[in-house]
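There are 2 protein chains.
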Amino acid sequence: VNDRSRGSRPGGRAAAVVAAVHKATLELLNERGFDALEIPEIAERSGVNKTSIYRRWSTKGELVLDVALSLTQVDVPIPNHGSLRDDLRSLLHSIADMLTTPFADGLLRAFICARDDSEVLVAQRSSFWNERFRISGALVERAIARGELPAGTNSNQLLELASSPLFFRHLVTKDPVGDEDIERLVRLAINAFTV
Amino acid sequence: VNDRSRGSRPGGRAAAVVAAVHKATLELLNERGFDALEIPEIAERSGVNKTSIYRRWSTKGELVLDVALSLTQVDVPIPNHGSLRDDLRSLLHSIADMLTTPFADGLLRAFICARDDSEVLVAQRSSFWNERFRISGALVERAIARGELPAGTNSNQLLELASSPLFFRHLVTKDPVGDEDIERLVRLAINAFTV
Numbered sequence: 001v002n003d004r005s006r007g008s009r010p011g012g013r014a015a016a017v018v019a020a021v022h023k024a025t026l027e028l029l030n031e032r033g034f035d036a037l038e039i040p041e042i043a044e045r046s047g048v049n050k051t052s053i054y055r056r057w058s059t060k061g062e063l064v065l066d067v068a069l070s071l072t073q074v075d076v077p078i079p080n081h082g083s084l085r086d087d088l089r090s091l092l093h094s095i096a097d098m099l100t101t102p103f104a105d106g107l108l109r110a111f112i113c114a115r116d117d118s119e120v121l122v123a124q125r126s127s128f129w130n131e132r133f134r135i136s137g138a139l140v141e142r143a144i145a146r147g148e149l150p151a152g153t154n155s156n157q158l159l160e161l162a163s164s165p166l167f168f169r170h171l172v173t174k175d176p177v178g179d180e181d182i183e184r185l186v187r188l189a190i191n192a193f194t195v
Numbered sequence: 196v197n198d199r200s201r202g203s204r205p206g207g208r209a210a211a212v213v214a215a216v217h218k219a220t221l222e223l224l225n226e227r228g229f230d231a232l233e234i235p236e237i238a239e240r241s242g243v244n245k246t247s248i249y250r251r252w253s254t255k256g257e258l259v260l261d262v263a264l265s266l267t268q269v270d271v272p273i274p275n276h277g278s279l280r281d282d283l284r285s286l287l288h289s290i291a292d293m294l295t296t297p298f299a300d301g302l303l304r305a306f307i308c309a310r311d312d313s314e315v316l317v318a319q320r321s322s323f324w325n326e327r328f329r330i331s332g333a334l335v336e337r338a339i340a341r342g343e344l345p346a347g348t349n350s351n352q353l354l355e356l357a358s359s360p361l362f363f364r365h366l367v368t369k370d371p372v373g374d375e376d377i378e379r380l381v382r383l384a385i386n387a388f389t390v
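Residue numbers (my numbering), protein chains in the order written: chain A, 1 to 195; chain B, 196 to 390.
Chain A with its partners taken away, still in its complex shape (with noise of 0.2 Å):
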């Protein structure tokens, strides 16, 4: 099948050439995760010419990271229990529980194991992140508003302090996470900012 075949409005037929890749990408992503992903199979799934998926995006790499920045874009739910200590603890369950999708696991394969780190990858990677960071960053300023955390307290280095050991043990030891070592990041990351 050839996307050119498809569609009307030549504004509309590239949105949903880009919809229907995205959309093949996320399930085959979901199902077998970045190594075994192909783009010949993500143009069989979504219908969409293998050559037009090229010609977009250059490398599966590429393809993947374009999808997770678009699912940054969608409203992040962030805890909002009234105090630090809960949103925070709300916050690492998602990043752990996350992080042991296939989905997630694929994505952080495709930042860290693409073999092409091109000037695409980089910027998109960055801007991931960026947003990432931003969304959650509300929980921090939320927990300054309320006194619980000193005012200009930095909600990035917060954050990378809290979680930075649970995509540590995922990606490099392995180490499962239980419920009482997110308790003991909680408390640590709130013992460093607030002494």
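No lab work stands behind these hints, which were simulated from the structure alone. One or more of the hints may lead you astray.
Simulated crosslink set (SDA-like; lysine to any residue; CA at most 20 Å straight-line) [said to hold, decoys possible]: (1) A:60 - A:27; (2) A:60 - A:37; (3) A:60 - B:230; (4) B:369 - A:134; (5) A:174 - B:264; (6) A:174 - B:257; (7) B:255 - B:232; (8) A:23 - A:104; (9) A:60 - B:307.
Mind docking chain B on chain A? Use the hints.
Same frame as chain A, but now just chain B:
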């Protein structure tokens, strides 16, 4: 060159083969990183038959992890400046510097991007990190002995909190790590464990 033709004592020959393959792997890893590393090239460089290499290490991931593991059995100098702040600063600088080398980056990719997460690989990875944490733990034990940290402080937990953001930036966000970032991580980790 077939390794069967070299050496006279079986034990000595096997050890010589392992040493030659390890050395070639390290050199090639340093020269071109994990992605571009290929077993046929390691065979050529080491003068060990490709078939002999595959007989012992079924994938390049396994081989590289075996090299990594053998390196951790070498004595690693642990900073001992007489203060936790200075020791932790030195350790984090060493980690940050190490992560920028093609060799360490290659090792990490071998850990993370290996397509074959075999039992062997999982066991090697676990040994590698247990050993790294055990060795670096001396720094925390000395701080406890000097009364800089509470008795019973868990050294793995402290080292994990302090160093994870370095790995997070190197692998995930690719944000650079400056002296001021290391200074902050030292301060935050100490705060976190001394409240």
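Do the hints match the structure? See the list:
no. : hint          : verdict
1   : A:60 - A:27   : 14 Å, holds
2   : A:60 - A:37   : 8 Å, holds
3   : A:60 - B:230  : 16 Å, holds
4   : B:369 - A:134 : 17 Å, holds
5   : A:174 - B:264 : 16 Å, holds
6   : A:174 - B:257 : 16 Å, holds
7   : B:255 - B:232 : 8 Å, holds
8   : A:23 - A:104  : 15 Å, holds
9   : A:60 - B:307  : 18 Å, holds
Going down the numbered hints, you'll see the structure goes against none, and every one checks out.
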